[in-house]
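Quick note, the sequences are listed as chains A and B, same order.
Read in order, the letters of the first sequence are residues 175 to 427 in the numbering used here.
Read in order, the letters of the second sequence are residues 14 to 480 in the numbering used here.
Keep in mind that the hints were calculated from the coordinates and are not lab data.
What follows is a list of derived Cβ distance ranges for each label pair:
#1 B:D428 <-> A:V420: 22 to 30 Å
#2 B:S129 <-> A:A255: 41 to 49 Å
#3 A:E302 <-> B:D402: 44 to 52 Å
In silico lysine-lysine, DSS-like type, Cα no more than 30 Å apart, as pairs:
#4 B:K30 <-> B:K250
#5 B:K54 <-> B:K178
#6 B:K295 <-> B:K380
#7 B:K250 <-> B:K472
#8 B:K472 <-> A:K282
#9 A:K251 <-> B:K472
#10 B:K457 <-> A:K282
#11 B:K295 <-> B:K320
#12 B:K114 <-> B:K30
#13 B:K53 <-> B:K73
#14 B:K472 <-> A:K287
#15 B:K380 <-> B:K412
#16 B:K457 <-> B:K320
#17 B:K412 <-> B:K295
#18 A:K287 <-> B:K457
These numbers were taken from a predicted model, which means no experiment stands behind them.
Ideal placement from N, C-alpha and C gives every residue a C-beta, glycine not left out.
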Amino acid sequence: MKHLLTISGLNAGTEDKSILHDVDLYLDANQTHVLMGPNGAGKSTLGRIIMGDPAYQVESGSIEFDGQDISEDSPEKRSLAGIFLSYQAPVEIPGVPLYSFLRTITQKRPELKASARQFRIRVNEICEQLDMDPGYLTRELNVGFSGGEKKKIEMLQLLLLQPRLAILDETDSGLDVDALSVVSRGMQAYRESCDGTLLVITHNTRILERLHVDHTHVMVHGRMVERGGSELIGRIDAEGFERYGVHEEVSAS
Amino acid sequence: MSEDVKDVDRSLYDFVKSEEGYERFDDGLNEEFVRAISEKKDEPEWMLELRLKALDIYHKLEMPANWGPSIEGLDMDHISTYVSPNTEQAASWDDVPEDIKDTFERLGIPEAERTSLAGVGAQYDSELVYHNMREEVAALGVVYSGIEEALHGPYEQMIRDHFMKLVPLTDHKFAALHGAVWSGGSFVYVPKDVSLDFPLQSYFRLNAMGAGQFEHTLIIVEPGADLHFIEGCSAPKYNVANLHAGCVELFVGEGAHLRYSTIENWSKNMYNLNTKRASVAKDARMEWISGSFGSHVSYLYPTTILKGDSSSCEYTGITFAGGGQNLDTGCKMILNGADTRISINAKSISKDGGASTFRSSVVVGSKAERARATVSCASLMLDDQSRSDTIPAMDVRCKSASVGHEATIGRISDDTILYLMSRGIGEEDARTMVVNGFANPVSKELPLEYAVEMNNLIKLEMEGAIG
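So that you can see chain A by itself, here it is in the shape it has in the complex (with noise of 0.2 Å):
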């Protein structure tokens, strides 16, 4: 059976320094999978080259998206494909209106098609399931918006935009309780609104208390060490990544 994503033999970073060494990963369709690892382990890497970033080089291995090799690929291919990565520190872009930068990813994709209308009346439904002031709609994206906004926007995107494998990378970190059951409102939502994969890379637990998770990935100093199922999540919440020979606190808030 094909993989929704298969990664095989994967070695990258940037030109000084290679950081994910061997790495085998593959995600299935409908799924909910957690990346976690102490700091500095290499997932946010890992996130990255998956969405394309050029500052990463995949020195050997293959990465295959939907049966075909997508590692030539540039992010924007990878996005219209249906790969979508929320980042840790989403950029400000000043000048460009919140909405009219969402009616421009979605009219780049022919199977999100909607009038004006339909598409103000979706916006308005997923700011409103978000627990987000419309008026942010007006503003420039991401300029003058708290961390916990900033995620917010980002939930609003991958909501809008279904994509078929998300990537939420530390999107609870920073987060104040408030905020963090948005995240965590907002990937319940995304789960049960289509048969999209979510990966989410974190080192909180908490995040993942809603959430019902298939399989539990563990990443130290760029490699693979473990595969589970959730109750590995209980167990490093517990004893932190101690057995994989780190010693490092485990946030629980």
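Since chain A is already given, all that's left is putting chain B on it; use the hints.
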């Protein structure tokens, strides 16, 4: 991510019409020419005297040295100071010669006139070829005509009282040159308490090769009146230098409001050495909106003198310097009245080896109690060969005044491009989106058609920017 920038497509502006049958004075400058221009225009004696005095000052003043970008490529002996299309000024486009009418059609002027303007003036080389205003605006007592035409009517004395009073002939060498050979331009008079619902627009087109354009714009806005004036400029590209040394003098009366918008897109062989100045009375408000895209070298610093108490001025400008361009732009504010307020918001973009300099001067006089000034400028460089400089000067002579300044110079970060691309936007579109967003605070101040034109100009500049 590499950027391999192609030459900009300027086909919209880059077309040349024949000069056959035109009256063209020989290159260079002497008293005989100045007298001939004056005679041709059948001017009052005082104007001829002003021209001759200006010529004398012009010969005495040195070329500006150690100031901004080099103008060595400008050889005044090879600039024709007067080229006339030899046609009468018309009040109907049907009466404008076909090829000239075609030029303005292609620039979209008659269409804008029908939909969104209260009046239009169109200058072709040295002379106005068209001037017209809506009847209902004329009925309010508004005057909008060629300045030469106005010199032959009831406003002669008013023009005499204001002409080159704000910009004295001695201001600099090119102001003196302007005084000697000026030709064409508009005169606007808005009576007390009259508000125009639509803007007036003058468009200046320089078609002739190796020529100079020296139009004079004089606007008098009486107390309590309100006007938006738009100035557009363009020219086709030649391999020899062209010169634009126009002069704009604006008088804003007590409690009045004037917005002066410019979209300048001279071709890249143009030396744009233009002088603009406004005098602002008590409680009045002046706004400058300035988009500078064209020319080889520009020296352009609209100056505002806030004479009256509680008067204010805002300058919003954007400059886009591409390959082969060195654009030195900004503004000058002189705050003399108490409780005066100014804000300067400037943006510049440089690309493909272009150089852009923001230069501002804010002078707060000793009587400008509680004056407030904020200066903000931001620059965006699109590659490693381009250059961006910021030269803000402040001279504050009043203790109760408050002034603030902030400047940022940046590039488009790789993370920004990655963010947009990973949402499905192509690299070229992503860059254009960022640049348009950067320019947005300026374009949103422009009337819609001009905002669209500006976005198109940016798009043209950005096209082919990706290798």
